[in-house]
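There are 2 protein chains.
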Amino acid sequence: MNETMIEMGKRAREASYALAQMTSAKKNEILHAIAGALTANADEIAAANAEDIRIGRENGLSEALIDRLSFGESRVCACAAAVKDVAALPDPVGRALWGSEHPNGMRITRVTVPLGVIGMIYEARPNVTIDAAALCIKSGNAVILRGGKEAINSNRASVAVMRGALESLGLPADCVQLIEDTSRQSSTDLMHLNGYIDVLIPRGGAGLIRAVVENASVPVIETGAGNCHVYLDETADVAMAAQIVYNAKTSRPSVCNACESLLVHQNIAEKALPAVAARLAEKNVEIVGDETVCAILKDAAPATEADWGTEYLDFKISVKTVSGVDEAIRHINQYSTHHSEAIVTESYENAEKFLNGVDSAAVYVNASTRFTDGGEFGFGAEIGISTQKLHARGPVGLEALVTTKYQIRGGGQVR
Amino acid sequence: MNETMIEMGKRAREASYALAQMTSAKKNEILHAIAGALTANADEIAAANAEDIRIGRENGLSEALIDRLSFGESRVCACAAAVKDVAALPDPVGRALWGSEHPNGMRITRVTVPLGVIGMIYEARPNVTIDAAALCIKSGNAVILRGGKEAINSNRASVAVMRGALESLGLPADCVQLIEDTSRQSSTDLMHLNGYIDVLIPRGGAGLIRAVVENASVPVIETGAGNCHVYLDETADVAMAAQIVYNAKTSRPSVCNACESLLVHQNIAEKALPAVAARLAEKNVEIVGDETVCAILKDAAPATEADWGTEYLDFKISVKTVSGVDEAIRHINQYSTHHSEAIVTESYENAEKFLNGVDSAAVYVNASTRFTDGGEFGFGAEIGISTQKLHARGPVGLEALVTTKYQIRGGGQVR
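Sequence order for the protein chains is Z and B.
The opening position of the first sequence corresponds to residue 49 in my numbering, with each subsequent residue numbered one higher.
The opening position of the second sequence corresponds to residue 49 in my numbering, with each subsequent residue numbered one higher.
Worth flagging that the hints you see were computed from the coordinates, not collected in a lab.
Owing to the predicted nature of the structure, the values given are computational and were not obtained by experimental measurement.
Note that identical chains are pooled: a pair holds if it fits in a single copy or bridges any two copies.
Each computed DSSO-like pair below joins lysine-lysine, with the alpha-carbon atoms no more than 30 Å apart: (1) 346 x 319; (2) 331 x 364; (3) 132 x 197.
The following block holds chain Z by itself, in its conformation from the complex:
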């Protein structure tokens, strides 16, 4: 293990103890100072970002990636405004969740406390650096950030501004640290910083998430993969179905709550599939399907077994006919990444069956999977969407960035 990394871990732990004792007012003061400093230095951060983009172009990054990497003055200022929004959210720390009096008179209280030190591993989006730091500070956690090498100049500039804001208040700059070494080794080291990292949150593509889940020895919140399904039940309203599939597939195909696979009850396939396909054709969505689907939709290509498990993140969808809600649930539980799934139905019984039987973070009746989002659920902001079952499932907001502690007040009790 790299000594520098252990030193960062120690400094983060030290800073986390300071943060854990801060009042809400103090933490909000930090967030406002950070927002102010980001706005005041937006030009400097944008200049650093311009350098990242220049290098990115030299290295032949695609325009889609260049767009993700772009962090001009207006994006920096929007990010600063989001930091103020985080300040306005309720403090997740210090809530008493449960309490009881032991028969011997001891009073037991379970209160929310910060997790401690949060590690973030992410890719090319420079806004994650600021968003994650703001959520961590609000929840009383120190953060160690490991962004992608493509954004290193932008990240270095943003973190320098945030650390400056902390120092200007006489507070430990190490509440926010950036790993400037963007080698694979630094990422691996962070995954093994047991004793210093309380939770590691990877945010990015499937490859990154898999690498973290497979290799990390520190606790992880797995985020992001979304092979989401929409199932059209026999009694589905066809116009509603077409609208929901169109929205779930095409409104933003690159995000994790977009629909990747459509299941259709065999008894409405003849009627529903052409209606759905007509809407999807507006965006030139490529369709792969089973035999029945290909017989009904002449433009559809045959789907392979691999298609059922594929997250396209593109204008492409797999379509399968099923014998009913039971087969739909079984198929989803087998192939889904357990993120978000929807049923379109007028049947009360099948709606409830689907809500209870589908093993995913968010299950919808007659609505688009695209709503799985911290903002849409009213959490204000999110650090990712968890597809694991431990600790946090679904949008990971401030409430998931805390743990609890039992405080016991006695008068000399022994057991």
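Assemble the complex: chain Z is given as a structure, and chain B must be docked to it using the hints.
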């Protein structure tokens, strides 16, 4: 990866879907059937255990280990009674924890659902096989058990009885599975059964826990290590202090909530240490201490740096003088395993400082650390005591064996 293990994972997943849909009444019926079958077959299980003990003696197991391994008829019947107690607890599944209406009219509800499949890796205690299975069934989870090789005959017998009870009700026996291969490889395979295991809970000594934390790629709840501290503040009532230290150290030294290290305010060391030492002498507790401690207690040996981080699990304690509550908190946060710590004080200010500043699962004022236990906290039963911060911290009862799911009921909403 071993094919047999993947098959077990698939069968567990299948069984978990059946369990997730069962009513509380049905799950309780299973638990009563299991309790009845265990009692009816107690002689058979005890006979299998006698074989384990015979082999254990042949292999030279210590008498302490033989005692842990012993599972005679009366212990089996006590275990069966505990299964009925679990049946009597409230069902943790199906509670609505939160709900909200989206501005667009969708109704969002967050409900508790089973985790799915729980893996348990443990050592020589055969009762864990039954206790864990009962808690998993009650919370709607399938379980895959990997007990120690010393108890394989006992475990095989208990699991056969429990599976028989499930089958007698026409339910899937695979709700409870035992890995009969007790090689190191089977343990490693279980740690990497991603997609089939939702959480792995190791229960046993520090070596086992460390191996699981370092190697598992499935989510883990870390349990058990307890380097617990008692701090005697300047204003401590000396009689109370001696009683609490005596209880925390000697009432059951082999358990994780026993006290391993004593911190004493330098200003009361002269008065408090002899009083505490007199009580500890009743049980011949070995004391190692810093220079001041050794000057006051003639029988104390010098402590080394390693002592501050050692969980003795024996009649031995390390003792250190500190300058006050701040140093005590710093020392604890550095050396503790973050399990349970206590302050003895009459100072309101220092009590609150300690409760808030100590980064452990359970923090006590004027009471023994020995109370950190699911039963004592009123949770009825526990599957272990978590020393991590993610998902569950402190005693892991039924409430920690569930996750949540968002159910969204709409009327055609799109984003």
